[in-house]
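Number of protein chains: 2
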Amino acid sequence: MNKLFRSLMDAQSARKIFLDAAKPIESIESLPIELADNRVLADDVVSETDVPHYSRSAMDGYAVKADDTMSASPSSPVMLMLTDGDIIPNTCSSVHTGSPIPRGADAVVMVEDSRIINATVEITTQVHPGKNVGEIGEDVAAGETILKAGHRLRPGDLAVLASMGIRDIEVFHKPLIAIIPTGEEVVPRGIPLEPGQVWETNSLMTASYVTRIGGIPRINDIVTDDPKLICEAIQANSDANMLIICGGTSVGKRDHVPAVIKEIGELPVHGIAISPGKPTALGIVNKKPILCMPGYPVAGFIALLAFGKDMIKKIGHIPLTQENILKLPLSEKITSRQGYETYVRVRIKDNSIVEPVMTSGAGILSSVAKADGYVVVPPNIEGYEVGTLVDVVII
Amino acid sequence: MNKLFRSLMDAQSARKIFLDAAKPIESIESLPIELADNRVLADDVVSETDVPHYSRSAMDGYAVKADDTMSASPSSPVMLMLTDGDIIPNTCSSVHTGSPIPRGADAVVMVEDSRIINATVEITTQVHPGKNVGEIGEDVAAGETILKAGHRLRPGDLAVLASMGIRDIEVFHKPLIAIIPTGEEVVPRGIPLEPGQVWETNSLMTASYVTRIGGIPRINDIVTDDPKLICEAIQANSDANMLIICGGTSVGKRDHVPAVIKEIGELPVHGIAISPGKPTALGIVNKKPILCMPGYPVAGFIALLAFGKDMIKKIGHIPLTQENILKLPLSEKITSRQGYETYVRVRIKDNSIVEPVMTSGAGILSSVAKADGYVVVPPNIEGYEVGTLVDVVII
Chain A
1195 MNKLFRSLMD
1205 AQSARKIFLD
1215 AAKPIESIES
1225 LPIELADNRV
1235 LADDVVSETD
1245 VPHYSRSAMD
1255 GYAVKADDTM
1265 SASPSSPVML
1275 MLTDGDIIPN
1285 TCSSVHTGSP
1295 IPRGADAVVM
1305 VEDSRIINAT
1315 VEITTQVHPG
1325 KNVGEIGEDV
1335 AAGETILKAG
1345 HRLRPGDLAV
1355 LASMGIRDIE
1365 VFHKPLIAII
1375 PTGEEVVPRG
1385 IPLEPGQVWE
1395 TNSLMTASYV
1405 TRIGGIPRIN
1415 DIVTDDPKLI
1425 CEAIQANSDA
1435 NMLIICGGTS
1445 VGKRDHVPAV
1455 IKEIGELPVH
1465 GIAISPGKPT
1475 ALGIVNKKPI
1485 LCMPGYPVAG
1495 FIALLAFGKD
1505 MIKKIGHIPL
1515 TQENILKLPL
1525 SEKITSRQGY
1535 ETYVRVRIKD
1545 NSIVEPVMTS
1555 GAGILSSVAK
1565 ADGYVVVPPN
1575 IEGYEVGTLV
1585 DVVII
Chain B
1195 MNKLFRSLMD
1205 AQSARKIFLD
1215 AAKPIESIES
1225 LPIELADNRV
1235 LADDVVSETD
1245 VPHYSRSAMD
1255 GYAVKADDTM
1265 SASPSSPVML
1275 MLTDGDIIPN
1285 TCSSVHTGSP
1295 IPRGADAVVM
1305 VEDSRIINAT
1315 VEITTQVHPG
1325 KNVGEIGEDV
1335 AAGETILKAG
1345 HRLRPGDLAV
1355 LASMGIRDIE
1365 VFHKPLIAII
1375 PTGEEVVPRG
1385 IPLEPGQVWE
1395 TNSLMTASYV
1405 TRIGGIPRIN
1415 DIVTDDPKLI
1425 CEAIQANSDA
1435 NMLIICGGTS
1445 VGKRDHVPAV
1455 IKEIGELPVH
1465 GIAISPGKPT
1475 ALGIVNKKPI
1485 LCMPGYPVAG
1495 FIALLAFGKD
1505 MIKKIGHIPL
1515 TQENILKLPL
1525 SEKITSRQGY
1535 ETYVRVRIKD
1545 NSIVEPVMTS
1555 GAGILSSVAK
1565 ADGYVVVPPN
1575 IEGYEVGTLV
1585 DVVII
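Order-wise, the sequence lines are chains A and B. Residues 1195 to 1589 in our numbering are what the first sequence spells out, letter by letter. Residues 1195 to 1589 in our numbering are what the second sequence spells out, letter by letter.
No wet-lab data here; the hints were simulated from the structure. Using N, Cα and C, we set each Cβ at its ideal position, and we do this for glycine too. Honestly, I wouldn't trust all of these hints.
Incomplete in silico selection of chain A near chain B, CB under 8 Å [unchecked claim]:
no., residue
1, G1328
2, L1341
3, L1352
4, A1353
5, E1379
6, N1396
7, G1446
Build the full structure now, drawing on both the sequences and the hints.
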C-alpha cells in the first residue's frame, strides 16, 4: 500500500513540522467581559484600583477599638455603648459582612461573641487590631498583575475582572479556519444520491471541532477534483489563518491537492506513518498552513485530532492543555500496524474496561459514533495484550 | 461560627438531596444537525437507509471477477480486457475509491497489483470474492440503532447523522437557569461605588458556568435584601428549570432568602459542612429547585461546582462525565477544617507540583483567578502532608 508514497514521515517528526507551520495570531479585539469566557488575554491585566476600595467588615458583628476588648471573656465581659458615629473609646457600632469599618474602629467582634442589652453591647471575647477587618486592597491591590497575557479566561476570572471595574478586555482574535471539502463523488447534503455519490460530511465534523477547539470555521462550497478550482479555492481563502482541505490528498488519479500546493507553495509533509491517516499532508501557501485531510472520514478525523487541533490552538494562543485521558484495562487484544502510529477507536464498558471498536477500514464513519475515545499505539509496538492498562483519549 | 446554624448537613448527604431535587427536562426541540453539537438526543437514532447505498470500491484499482484472478502472481500475471460496461469473464474496469462496483464484478484488484498495457490490464495477485469491496450497508445498515437517547452529540456523530441523510434531529431543550443576584450592598457594574458597595460579579461567573455546563442562563436584575422583592423574583422565574439565588442565604439580619423560601415552599437543606460554602441552601418552590449560593464569591463558586453543576447536567440529561483531574504531589502541607469537606484552591507549578493559593477567606475572589484547580479534603481528614499525591480538579 505504500508503493505509491515515495516514503512516509514518522508521526513525531510530522507533528513538529505541522506545529512549526502554525503562527500565533497577532490581531486583537476588545470585548465586554460578559462575552469573554474562554478567550485568550492579549495583555497582562494590571489592576488600577484596590479591591475592596474601603476597609470592610469580614463578619456580622460590632466594630470596636481592639484596645477596649482587652481581657474580655465570657465570665468577664466588657460593656460598650452603641453609636452610629465614629468609634471613640468604650463605644462600638453594628456592622455586617461587607460594611465599611467606621472611623476610629480597628477590629470587629463577631455577633456570636456579643450580647446586646438596650443601647449597650456585652463583648465576651478579646480581639486584636485588624481582627475580622478586610483591609483596602486585600483582595486585589492597585498595580498588581492579576492575570497574564496568554491566559485563557474562565468564569471566575471574569468575576475578578468585574470586581476590579474592568468592563472591556483585549483578547486575541479567534483563528479563522477555512474548510474546503473536495471530491467529485461528494454532493451537498439534501440532494438525492446517485450510485457512486456520498453526502458531504467532513466539513461538518471539521467545523464542529474547530468551534470546540476555539476557532471560527468557514465552510466553503464543495470543490470538484479539478486542479484549477482547487487552486482558486485556496487563493480565495488567503485571509484565513489556516486552511483545511478535505480529500484529494492521496496519490490516486483524482488526488490533485498535493500537486496544486507544490505549484503555488510548499508541501513539507505528504504521507505520514499513521493509521488511519497515511495520506495526510501539510501545505504552506502565502505563509498560511494548509492541513490536507484524507477524504476517508475516519482518516480525516484522526488527522484533525493528531495534527490540526494543536495547530489551531497555537494560532489562537490557546494553552495546549492535557487531553482528557482515562487509564483502563483492555478487554481484548489490540493489534496495530507495525511501523505506524496507530489510532484504535475504543468503547468503554461499565466505566471499567476498554474494548476496541471493530471495523473494516477508514471508510467506516459509524465507528466514530460507536467509540468513546481512542488508544494510540506507538509505531515500535505491535499492539497491546488483554488486560494492559491503556490511556484512552476521550473524544 | 456554627452557633447560628442549628446543625450542618454533611456534604455527601446534601449532594444527594440536591441531585434528587433536579428533575430531567422533558421538552424537546428539533434542530438542524449543523447546530446540534453538544446537544443531547431525545430519542434513539435508527437508520432508515443503508450507508453506503451502493456496493463500492474500497481502493483505486480494477473491478474484476475474483475467479478470473485465480493463480495470478507477479511471475504469472493474468491478462484482462478493459471495459466500460458490465464485467464478463476476462474483463475488468477501472475504479477508484468510492466508485460503484460494476455489474458482474465481485472484487477489486489494487492499482499497485496491476500494470496497464494499452487496453489490457496485467493482474499480478489473486483476489478472493469481496476483496476491497464495500458492501451495501457495511457502514450503517438500514434499521440499525446508531445512537441512543441520552447520548450527547459530538462532531463525529454529526457526520454519521449526515451520512445517513438525517437533516434535523430531536434533542432535549437546554435547561433554563434563572440567576438572581441579591444584596443591598451590590450594585450594577459600571455604576461608581460608594464605601460599603461592591459591583455585582456572582451572576456573571454563574452565567458563564451555566453556559459551559450546557444550560441557558437568565440573569435577573439585582434584588435588594427585602423579603417581598425576593419572593417576587422567585415567582417571576417559575418558568425556569432551576433557580440560583446569589447571596442572602446565611443567618444574618439581612439574610432573608431561606425564610422566604420556607414561606412559599420547602427548604430541605440549609447549612452544609463544606468550607468555604457553609451557608449554601436548597429550596424547592413550585417543584423547581433553588440553589442558594453564599454571596461571598469564593463560597458561591464552590457551591456552584460542588452542587449546582451536576444538578444542571441532570436536568439537561447531560452525562455526568468525570472531571478533568491531575494527580500531582503537594509542595506544601494543606490544612483543612476538621469535620468539613474542604475545597482548597491550588496552583500547578511547572506542570509537576501543586501549591495551595494562600488567602484569608472566602471573600478573596482573586484567589480563584490565581488557582488552576482545587483539591477536596474529606471531612474526616485533617489535611495532607507535603509530597502527598492529590487529585487536582481543573477549573
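Structure-based check of each hint:
For A/G1328, the shortest C-beta to C-beta distance to chain B is roughly 6 Å, which falls under 8 Å, so the interface hint holds. Taking 8 Å as the C-beta cut-off, the interface hint given for A/L1341 holds, the closest approach to chain B being about 6 Å. Against a cut-off of 8 Å between C-beta atoms, the interface hint on A/L1352 holds, since the closest Cβ of chain B lies about 5 Å away. Interface restraint check for A/A1353: the shortest CB-CB distance to chain B comes to about 4 Å, inside 8 Å, so the restraint holds.
Look at A/E1379: its Cβ gets to within about 5 Å of chain B, closer than 8 Å, so that hint holds up. For A/N1396, the interface hint holds, since its Cβ comes within 8 Å of a Cβ in chain B; the closest pair sits about 7 Å apart. Interface hint status for A/G1446: upheld, as the beta-carbon distance to the closest one in chain B is roughly 4 Å, under 8 Å.
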